Amino acid sequence: LYLVSRAIDTTGTKTIAYAACGISLMILAGHPQPAYYGALIVTAWALYKGGWEKALRRCAPALALGAALASIQLLPTYQLAAESSRQGAGYDYATTFELSPYFLSGAIAPRGQIPLPGHDPSAPLHIYAGIGGLLLGAIGVAASRRRERWFFLAVAAVALLLSVGSISYLFDLAYTFLPGFGRFRIPFRVLGLYALAVSVLSGMGVDVLLSGIRRVRPRFALVAKGAFFLSINIAAWSAYAHTHLLVSPGALEPPQVERLVSAVNWALVLTVLNLALLLAILWRGGKRWPVWALGALLVIDLGSFVKDRGLHPYRTRVRAEERPVHRWVRGQGYRSRYATGLNLESY
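In this text, residue positions in the sequence shown follow this note's numbering: the first is 1, and each later residue adds one.
Incorrect hints may have been included.
[Claimed, not checked] So the derived label-pair ranges between C-beta atoms look like this:
#: 1; residue 1: 235; residue 2: 102; range: 16 to 24 Å
#: 2; residue 1: 302; residue 2: 25; range: 23 to 31 Å
#: 3; residue 1: 232; residue 2: 93; range: 40 to 48 Å
#: 4; residue 1: 25; residue 2: 279; range: 42 to 50 Å
#: 5; residue 1: 212; residue 2: 303; range: 23 to 31 Å
#: 6; residue 1: 31; residue 2: 167; range: 20 to 28 Å
#: 7; residue 1: 145; residue 2: 104; range: 25 to 33 Å
[What the hints assert, rightly or not] Derived lysine-lysine pairs resembling DSS-like cross-links, with alpha carbons at most 30 Å apart:
#: 8; residue 1: 225; residue 2: 287
#: 9; residue 1: 14; residue 2: 49
#: 10; residue 1: 54; residue 2: 14
Hints are computed from structural coordinates only; laboratory data are not their basis. These numbers were taken from a predicted model, which means no experiment stands behind them. Just so it is clear, CB atoms sit at the ideal spot from N, CA and C, and this is done for glycine as well.
Work out the full structure, taking the sequences as your base and the hints as a guide.
This is how it looks when you write it as structure tokens:
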């Protein structure tokens, strides 16, 4: 996005070449679905920054050149796709593993959902950008003077609407009119764009806090009030979960009860801590330590989340029954990180 901005704002071919290199690296990363979504947001960004004329004159050549540089991978992939069993899979295939609206609570408590039949249990994990990330993003939208905030707010909203698949009319429009959109399944993968948008908005929020809040104190106070009401609602949710589980013994398995209750309580703790730091910023607007504390809290939150979310294939392989195929996989060096309990026999 930065390189495309440079290509739009300058003249000459050098910046177009730089943008093309970035686009080709995005394609060469391997998975075509994130690259496709990346091409969509790059195109939308070019249109937002420069309008139709500059987008066609500066961004379209960068996209074409980037695809040409990545053709060493795109052409074999295209030939492979022609032989794939997924060819022409249709609408039902494109909406496989969509994000259920029930999982939207994963935005504040990603482990507080009970798996639903026919839904990927990892879906709510993709929508979590940290409670502090959401609060800082809200500050960025409410108080920043950068007009780009509206673009990234729209990206987050569109990504959420596309992730729910067949439930959203926007997904149906994209499936009908966007070439290649229906070739992919698992709609909630588009939440990568949601995470990107929230990250940029959070950065704008930090920028507002570091530049002083006197001029935006009323809007900032509104965000703090929102954090307070969020904590009240999470506390009510926690109380309801406890009460419901106590009066309905046997409704859930003990591990599910533990996961639900701990997720809600952790969300409540994070919200209260973030609220306390927001109030400290309101009362002591000239101090910067609450801003850095907000960032540190977000790092701890997301760091622990990613650590707990991560898979440990080496440990999975060690726990598996030792057979010649496992010893062969272990001998493949770095490739062995892809080995899990489900695909060891394939390897």
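Item checked: Violated constraints from the hint list, given by number and in increasing order -> none
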